[in-house]
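Participant: Top to bottom, those sequences are chains A and B. Sequential numbering of the first sequence, starting at 1, is according to this note's numbering. Sequential numbering of the second sequence, starting at 1001, is according to this note's numbering.
A few of these clues could be false.
[Claimed, not checked] Covered by chain A, according to a simulated footprint, are these stretches of chain B (three or more residues, beta-carbon under 8 Å):
| id | stretch |
| --- | --- |
| 1 | 1019-1032 |
| 2 | 1117-1131 |
| 3 | 1146-1153 |
| 4 | 1204-1218 |
| 5 | 1253-1260 |
| 6 | 1263-1273 |
Because the hints were derived from the structure by calculation, they are not lab data. Glycine is no exception: its CB is placed at the ideal position from the N, C-alpha and C atoms.
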Amino acid sequence: MSASKQAHESASYHVTGQAKYIDDMPMQGGLHGLIYTSPHAHANIQHYDLSKAQAMPGVYAVLSHQDIKGENNVGPVIHDEPTLAVDTVNCVGQAIFLIAADTPAAARAAAEAIEIEYELLPATLTLKEAIENGELLHPARKIARGDLSEGFAASEHTLEGSLTTGAQEHWYLETQVALCVPGEGDEMKVYSSTQHPSETQALVAEALDVPKMEVNVVLRRMGGAFGGKETQANNVAVCAALLAQATKKPVKIRLFRDDDQITTGKRHPFQIDYKVGFDSAGNIHAIDCTLHANAGWSTDLTMAVLERGMMHADNSYYIPHMQIKGKAWKTNTASNTAFRGFGGPQGVAGMEEIIDRVAHFLNEDGAVVRQRNFYGTDTKNLTPYDQKVENNHLQKLFDELTEDADYENRRKAIDGFNARNRFMKKGMALTPVKFGISFTTSFLNQAGALVNVYKDGSITVNHGGTEMGQGLHTKIRGIAAKEFGVTEQRIKVTATDTSKVPNTSATAASAGTDLNGMAVKNAIDTIKARLFAFAADYFSGNFDGEPSLEKNLVLAEDVLSDSLHPDRCLSFEALVMQCYLNQISLSSTGFYRTPDIHFDREKGKGKPYHYFAFGMAITEVLLDTLTGHVQIERADILHDVGDSVNERIDIGQVEGAYMQGVGWCTTEDCKWNDEGHLLNHSPDTYKIPSINDMPKVFNVALLKGVPNPDTIRKSKAVAEPPFMHGLSCWLAVKDAISAVCGHQIAPKLNIPATNEAILLSLDAILQSQKTVAQQEA
Amino acid sequence: MGNNCISFYLNQTPTTVDFDKDPFKPTTTVLEYLRAVGLTGTKEGCAEGDCGACTVALSDVGEDPSVYRSYTSCLLFLAKLEGRHLVTVEGVANGSQLHPVQEAMIAKDGSQCGYCTPGFIMSLFVLYNQKEKVKEEDISDALVGNLCRCTGYKAIVESAVSSCLNQTKTLNAEKSGSNGKAMPKAVSRNIQTKEDFYAMPTTIAEAVHYRSKWPEAKLIGGASDLALLITKKHIPLPQVIDLSRIKELQHIEVQEEAIHIGAAVSLEKIRTTLNRQLPELVDTMSVFGSRQIREAATLGGNIGSASPIGDSLPTLMTYGAILEITNDKCEIRNEPLEAFVTGYRATTLAPDELITKVVVPINSQPNVHIKWYKVSKRKDLDISTVSGGFRLELDGDYVKKIRLYYGGMAAMTSRARKTETALLGKKWSSEEVIVEAVKQMAEDFTPISDARAGKEARMLMAQNLLWKFWDETVSNSLALKN
């Protein structure tokens, strides 16, 4: 059956301003919450006095950690993150006190009136310092396969180096927000812009010291999330809940943009140290690499991010002898967190840096060297963690994309252009991606659903996933309609609600549709079985002749019929009403767990992923070598989503992911000053791509004819994998830089390749050319 | 209706705000107002005019009521609505009939999370309603002030192409829910409540009168810069003189030798009118903020703020711009812009004075080359890291006179004097001359490191801009040889 052609289920609400977000909800008699945060990166709290603040007009509560009834911790995996600081503060922006007041201005005035004294402590602000100081967050991890010494011995050449990748701010348009409304007794209704309502529920319950049954988390939609609301939405929700509990009034906390950028974590900055061994034909034999992640001040999801980084350090290439070490380091900065790709982009970036250098060293086209090292189908198909790469589409992607993009001819044209132009240079790069789908913590791969059919034949579908713009509800609606055999208009996917579907996992790891789609199917299958059993009896009783058999019944386009007796049919409405009258349940839960996945962390071996998603991108840039300005001339992307559930949604995901990846690779730059204050704390200086940064020619297509076995409607996850296509832009820039010296000197270019980084990279080439010239003279 | 009221159309509804009774100040932002009265379609994304999620459309006082301009409502003061027609995302559709830009955004998948969408809808609505036929370049120009984090923009551009491209004005009126409302002529207004004074004079004489009477009052044009004090720093502006209703300050007079630009002329108006006469100034404006910011921002305001970067300042200085300044006795003095700016956000403007005009001489000498360049992290909607305005007068192939004005290299727009000296009298086409001259730049400037770039990169940028100027005037190798 063909894919859904429906637009985003909320599109008409989006364009008319009717779509409601949490900050749009009326809050009669409610209070505005404010989180008072640390101005210091590392300090002891010596003394504080809240009495003046508490006495301010319009102020209802000023809370410290001492006022928390339950647990003072929001650490999601490891409980190492106090909700409110106790004795020490560990980063600028760490929460210390909470204020509730009748207006935001009154809350700010109260914050001014808080007296607090600190004793400053030495702070570790960069990954480099943390490595030097040996401030490991948790023991190092390792994944290895083969024998490095053998691998390097077989290599004609070795190269060593290091790549750093920068922090990336999520820049969801809707900042972190939660509205908590106290009810009867201990009840707390929490409207939270969260990717993980069940965890928000759990942490709120723990903080309030009430059972989870008292806490109901509801979310209709988020204004963007990208991983930034997987764990860190919890902080705001817990803080608002504490204030609501203390004041017995509704309390809303919405972070001001700058506060959001300062206090919430970002994509982990990484440093990837590597040594690679290869032969003159461009075959890579051995890689020894270490991934260093800047965790920030607490664990958050860092170890899982690091793990995914390590599992993607091979990207799409078979490396016979490979050792990947992973180390997470503690710094006095905001705790870094999930961000689309979840460490994968950093791991892939390291591998792409390596293969780019190999190609440059051999003076070969990067695409050719990449293709030579792709995972094979029958051989050379085992990852360093021993999962077999099945249904590998890399070669198909390569063949189709290089042809569609006219790669070879354009490469020649670029060389010609660069020979004719002195200050303007063009560059082009191809990058593949192979991305593992599933939470690497295997038990998280479960989902629930609740499907209700009403007497009029309308249907609500509830599932544990959250809508953040990615079109999950749209896809689920399409899946539900197809699985049921009814029209989409009949179905409404309702707000995520912990009282309807409990104990869910975060909407993350790109797995929202895979997991929840299957759970919804499971619920629908249950209801359909009941409908069919009833209908078989009903037809048999009401029509003469052979009885109707369930196996011959078909529900399609709102009509249930017996395929052997076309006259035996019931409209969906009539069927539902008959079932109701005959006391048949029209509601069911559904459940799904991903089969056959496991991973042994100690050994670094297993089958952590249900499957891999593949994709490939070619980007061509025009670089002004005097200003460092980059224009993307053309981008061609071919991406594998199996059989698409909804092509419109999937294409939008790929386009958006690419641009977000381009932002990470180019203009999105976080700098901190010597005191640990983030300098780029607003869009004034933090630059995500604008409409003019879009490629002048932007071709995005989905790979056809590649159904994915054993997933919902043979589809594949999308969300994260296409983010890594942005790396082709970074390497295209590097290629353009390299053109200033006729590709004789390998440029050094970290991520992000800001115009500043580009100019410094160009200058380094110029200086080394000068040195060579002087030596020759 | 009391003296301290303003009236305007809010979508289709005649609306009055009484500053004595209603919980709003004249300087309450329109965004805050809209959300307070329950029109929550307009979103706050950044509260600094950098994301466009709060974009609204506004007709101009006394102008064609069906022509709208886009503004970021987070930086727009409520008092500015007096006598105008405000259209928000809730007012774009005609009842249940969606506007073509809304239909296109659905059909082309222009929304994902939807939070930026109302802002895009309003920018598209303004584009759709523009007087001139919509050309392709108008699309990115209209939308560059709206950030989207989900779509990668392609679907939004396609929405704009399908709904607006080649669209002409005549079709529009009936399709729009918010047909333009005829507005009364501007009259002088003062709002004076217990806490606030907000003057909206209509003549220079009135304005300078208020200036002497309320010496503490802040002068604003569009307030796109000063509004940040309220939205970002929560510093109230209890006394304001709003110059945006003074017709005399809004003229652009094209004379033979020079262009006379009223201090309250918007940067967008400069961009759209002076391409022939002042191409470098128009170039400057085309990458100055966004459409929303340029509609609000005025040339006088940009000069008066005397920012160390001040995108327009290096350009205006290369043209040799002269300011006309009026005092409370309506006496006029003229001062070269270069002398007017004295330091970091410091000028010679006296407390009783007002910038009333900017006189920009037209360069018609073929041996004088004027160029302006900007380096910023992102091309659009980004303040320069370094900008350079250069003026070169050649005698044959030799440098007769040269002025190199830089923004972002010091506390104020500054000349690279030692570099200039190194070039004076030299053969301009000689590459060696530039190689030597740029070395002087390190003597001219000690740039700082900040959020935008480090000092090393700043120095490279400053040097490279001179290379760019040289290249463009000598070999023109920057013109792409495909």
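Participant: Work down the list of hints and note, for each, if the structure agrees.
Facilitator: Against the structure, the hints:
no. : hint      : result
1   : 1019-1032 : violated (count 0)
2   : 1117-1131 : holds (count 3)
3   : 1146-1153 : holds (count 8)
4   : 1204-1218 : violated (count 0)
5   : 1253-1260 : violated (count 0)
6   : 1263-1273 : violated (count 0)
Violated hints for the displayed structure, listed by number in ascending order: 1, 4, 5 and 6.
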